[in-house]
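Just so you know, the sequences run in chain order A and B.
At position 138 of the first sequence the residue is numbered 759 (our numbering), and the sequence of numbers has no breaks.
At position 350 of the second sequence the residue is numbered 395 (our numbering), and the sequence of numbers has no breaks.
These are calculated hints, taken from the structure and not from any lab test.
Careful: at least some of the hints might be erroneous.
[Stated by the list, open to error] Here are the computed lysine to any residue pairs in the SDA-like style, where the Cα-Cα straight-line distance is at most 25 Å:
(1) A:Lys1059 <-> B:Gly436
(2) B:Lys210 <-> A:Thr915
(3) B:Lys202 <-> A:Val998
(4) B:Lys156 <-> A:Ala1079
(5) B:Lys156 <-> A:Ala987
(6) A:Lys1104 <-> B:Glu235
(7) B:Lys210 <-> A:Lys1029
(8) B:Lys202 <-> A:Thr1001
(9) B:Lys156 <-> A:Arg918
(10) A:Lys992 <-> A:Phe1065
(11) B:Lys202 <-> A:Glu1060
(12) B:Lys524 <-> B:Phe444
(13) A:Lys1059 <-> B:Trp279
(14) B:Lys210 <-> A:Pro1012
(15) B:Lys69 <-> A:Ala987
(16) B:Lys210 <-> A:Gly1030
(17) B:Lys202 <-> A:Asp1064
(18) A:Lys1029 <-> B:Phe231
(19) A:Lys1059 <-> B:Thr149
(20) A:Lys1104 <-> B:Lys349
(21) A:Lys1029 <-> B:Gly242
(22) B:Lys250 <-> A:Thr915
(23) A:Lys1104 <-> B:Trp279
(24) B:Lys210 <-> A:Arg918
(25) A:Lys1029 <-> B:Ala150
(26) A:Lys992 <-> B:Glu235
(27) B:Lys210 <-> A:Gln919
(28) B:Lys489 <-> B:Thr404
(29) A:Lys1029 <-> B:Trp279
(30) A:Lys1059 <-> B:Phe228
(31) B:Lys156 <-> A:Leu836
(32) A:Lys1029 <-> B:His245
(33) B:Lys202 <-> A:Thr915
[Claimed, not checked] With beta-carbon atoms standing in for the labels, derived distance ranges:
(34) A:Phe654 <-> B:Leu59: 20 to 26 Å
(35) B:Asn77 <-> A:Asp1064: 28 to 34 Å
(36) B:Leu65 <-> A:Gly690: 41 to 47 Å
(37) B:Ser464 <-> A:Glu1063: 53 to 59 Å
(38) B:Asp252 <-> A:Tyr798: 45 to 51 Å
(39) B:Leu65 <-> A:Thr979: 32 to 38 Å
(40) A:Phe1094 <-> B:Phe513: 20 to 26 Å
For clarity, every value in this text was computed on a predicted model and none was experimentally measured.
Where is the CB? At the ideal position from N, CA and C, for every residue including glycine.
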Amino acid sequence: MDMISIPAVNMTPIIPEIFLSVLAMALLLINVFVPSEKKSYLAYLSFFGIIASAVLVVNGWGSHVESFGGSVVLDNFATFFKITFLVAAGLAVLISDQYMDREGCNHGELYPLILFTVVGMMLMASGTDLMTIFLGLEVMSISLYVLAGFNRSSKKSNEAGLKYFLLGSFSTGFLLYGMALIYGATGTTRLYKIATIVGQMTLPSANLLLVAGMLLMMTGFAFKIAAAPFHMWTPDVYEGAPTPMTAFMSAGPKAAGFAALLRIFLLALPTLQAEWSQVLWVLAVLTMTVGNITALRQDNIKRVLAYSSIAHAGYALVGFAAGNATGTAGILFYMLSYAFMNIGAFAIIILVSKKGETNGNVSDFAGLGFKRPVLAVVMTIFLFSLAGMPPTAGFIGKFYLFSGAIQKGYIWLAVIGVLNSAASVYYYLRITVYMYMKEATEDFSWIQVTAPVGLALAISVAGSLIPGIVPSFILQYAQMAVKLL
Amino acid sequence: MSNVLSLTTFLPLLGVLLLLFIPKDSKGVLRNVTLAVTALTFAVSLLILNGFQTNAEFQFVENVPWIAAGPFMMRYNIGIDGISLWLVILTTFIMPIAVLSTYTAVEERVKEYMICLLLLETGMLGAFISLDLFLFYIFWEVMLIPMYFMIGIWGGKNKIYAAVKFFIYTMVGSLLMLVALVFLYFKGMEAGITDFGLLHFFTLKLDLATQIWLFLAFAFAFAIKVPMFPLHTWLPDAHTEAPTAGSVILAAVLLKMGTYGYVRFAIPLFPDAANKFAPLIATLAVIGIIYAALVAMVQEDVKKLVAYSSVAHLGFVMLGIFAFNVEGISGGMLQMLNHGISTGALFLIVGFIYERRHTRLITDFGGLSKQMPVFATIFMIVTFSSVGLPGTNGFVGEFLILLGAFESTLRWWTIVATSGVILSAVYMLWVFQRVMFGELDNPKNQKLADLNGREIAIMVPLIVMIFFMGLYPKPIIDKMEPAIKKLVSQVRVSTPVAQAQSIQPVVALPAEGQAPAPEAGGTHETSAPAASTPQGTTTAPAVNPHDAK
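One chain only, chain A, in its complex shape (with noise of 0.2 Å):
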């Protein structure tokens, strides 16, 4: 009798993720012990997992181990991604508490959803079989489905949850019909088997099984990563959903998804870059003018940032297009700090907002810059950040996602992008414009900032400053990163 041969398994490339699952499931039986006043040492216990496991995940820099038969790595590249996941997830923990008080939904299961999320995200980040990479995507998507509907007596919230839950099948339908024809092509599902039998093709690009499924699995990633034109879903998804959510959501799912893109692109179908750059160039133009264009028009400030992170997977859809290593470790640099300041600028807006989510309008910000002069000023860092100044992480990222541009020739969409640049100054602007050129309307007495909200904006103003204005050592590992890919 034939026996079923289990090869060996390798543990180590994903002991952190198993790590972060056991203590998810702890906290979720824990959670039913915890009186619902005091929720908030679930927060506290996922915070300190959440750096027991960075320290895990920084441990394994510099290796190559590949595990589970070649369906998950643990290379620089996940590391890099993975510390950005945490990053993103650490800052929401941390914002999550005083919100989720306030709203009266501080349900104990919140911080074992944002840990399975994670966990998805390091699985897409490290996986290297297409079944791997969807397996990761739909734990976090599920969970995240989940967390956008998380205020349960909020009707914007379960709408939120709803529309998201909807449209991400339906673009999960796409990725994965994607996938089914790529496996129609190659016969295989491990990306660099992949990479091996398209690069043995006469001529890949006639290959239409090959080609509609590496389109299929565009559009899906682009679902996922907020691309125009399948972007529709984001604004309503963001405002709707608990404002630590939206914040975790536009930069660790974000992140994730460019993990997968750039890992399934540069690593199973380098052969077909001429033929997928020329639709990242559409889509980074679409999706970067889309963003900021419509961005300009909106009054609630959830919106204007769910437009600009619309527009920032554009800013990073140009380092993809251009697919050298100057844009791809751009991709890199530009996630972790877009995690630092896009979170960073929702904890601000946390802060600002009222129960029920009121006072969430651009105007509502009128005065703040001197009835709390730090409030403001961090955000002004932020805002400054996300537009693209210097001395800001933001600059600096975005120098290296056009840049990679500029080196591989497109400069047409560098002009591009620096134009949609300036145009998002605008509405980064006139948020300045009314915390500090207009009366205030209110005295914001109501505002306490707690000291998790006081940690994560100390975190996330020194992570957008610092890598601003000393980038090498953040940037040197992006490129490591990005070398074996």
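Use these hints to put chain B onto chain A, whose structure you have.
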């Protein structure tokens, strides 16, 4: 001593840290500390002036690695030559004056105002001393932020529109320049250049088509900042809405960023393209001179009038620079300093009467000279300086510019531009007459107090400089002359390359080779106008082949 340049640049930033610890209600302390910091910065910058050797080299150079990742290498590479030296001194000189002018003008949010002023000073100084293109870009952009807040928070009633317009105009230009900068870097990389150091790129030979694109991108960014017609529309708005100190700094220093950009970057980096576009830029400059003068003439708001006069003056500077000879560029550089002093002074003067009457409409005034004799005298001197009366600084600059431009290929442009001198006399003297002379019939004006001690103290250094630079500009010109000669040779040397197929390359070459050598030794003793005669003769053959094309 070796890092005195860094010290000058970052002293104001240290001042900001100091201000953070002063409670925001002790306005007097905040003002005095800021004044002390800017005065100290000025004092330190005098050490630079003192240690500056009169030659064409960059001095006080500091060069350490900063960012090293991927294809890029950015260095903290700073230094000054005769061109940037005076702009640095102008900046540190104007800052204490600007701070002093706010003592009674700004009563609200003093702390934030002072922080903005100091941040702005660091930004401006950094841009003038950067020898690394990337570093320059950082400072160039950083400058925007404090100025934006100054206009937007302490400005007049249209402040938000003006502030946002100022920001976005400059941003669009500079982002396109950034693309060009990166493109230039990759071009340089192909030729073996490994960092953003400006001096490496001077040796880079680019073909004409590339140069044209890159020059256009740089020139566009700088033209917005100068500002040149037709990109000047942000300036009247920004000036009119900005608080006095903001206007003073904007006029005295920030506008110089644009012209400095041409002299330091756009022209020497892309000399062939600069030659090619000289007629176009000169045309825009001349249109700016005439158009701005005509618009200034019909303004009802004194501040707006001064703002338009800035456009006209900067038009002269651009004309002088694009003459590409020593007189023209010296005149342009000198006029940059003059404009900083006299227009800065004009904005202060407008600020004085605005503080007293809270209006700037010309029709609200008249006959002030009877009531405010000291003010009248000072205003008159500054007006003369702005008009360019001999004996004041304005004359020397304008004269050199016109002389240089007349001797260059831009002769016809110069003839038209000269009428701008007359027009400037018309609008300046006319406004002076309407404000200061006539009947003192407005009862509100009859109780106006003359300038107080602080206000006179602000104006005295400016007036001293007006006369010093008008009567004895030699020390200033001498220090910048070697650097300007180097610039002229940079523009000329490449001309034969671009003109390779033109009619008389053989005639052009020997003239290039010999011209700089005798001049370098010969003209030091003579003052600049006298030096023009031998210079003019060598100029002609060098420019002719280009002309023939």
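Between the alpha carbons of A:Lys1059 and B:Trp279, is the straight-line distance 25 Å or under?
Since the Cα atoms of A:Lys1059 and B:Trp279 sit roughly 21 Å apart, the hinted pair holds (cutoff 25 Å).
Has the given pair, B:Lys210 with A:Arg918, been kept, meaning a C-alpha gap of at most 25 Å?
holds, 17 Å
Please verify whether A:Lys992 and B:Glu235 have alpha carbons no more than 25 Å apart.
violated, 53 Å
For the pair supplied as a hint, B:Lys156 and A:Arg918, is the alpha-carbon distance within the 25 Å limit?
Between B:Lys156 and A:Arg918 the Cα gap is close to 34 Å, so the pair fails against 25 Å, i.e. violated.
Satisfaction of hint between B:Phe228 and A:Lys1059, Cα-Cα up to 25 Å:
Given that 25 Å is the threshold and the Cα spacing comes to 41 Å, the pair is violated.
Does the structure keep A:Lys1029 and B:Ala150 at a Cα separation of 25 Å or less?
Given that 25 Å is the threshold and the Cα spacing comes to 53 Å, the pair is violated.
Does A:Lys1104 pair with B:Trp279 here, judged by a C-alpha cut-off of 25 Å?
violated, 46 Å
Take a quick look at whether A:Lys1104 and B:Lys349 sit within 25 Å of each other, Cα to Cα.
Violated - the C-alpha atoms of B:Lys349 and A:Lys1104 are around 57 Å apart, more than 25 Å.
Taking only the CA atoms, is the gap from A:Lys1059 to B:Thr149 under or equal to 25 Å?
Holds, because 23 Å separates the two Cα atoms, which is no more than 25 Å.
Take the C-alpha atoms of A:Lys1029 and B:Gly242, compute the straight-line distance between them, and say whether it is at most 25 Å.
Given that 25 Å is the threshold and the Cα spacing comes to 22 Å, the pair holds.
Is the hinted range of 41 to 47 Å satisfied by the C-beta distance from B:Leu65 to A:Gly690?
Violated, at about 58 Å.
May I ask you to test the hint 20 to 26 Å on the CB atoms belonging to A:Phe1094 and B:Phe513?
Once the Cβ atoms are compared, 50 Å apart, the range 20 to 26 Å for B:Phe513 and A:Phe1094 is violated.
Violated hints, in rising order: 1, 7, 9, 16, 20, 22, 23, 25, 26, 29, 30, 31, 33, 34, 36, 40; the structure is consistent with all others.
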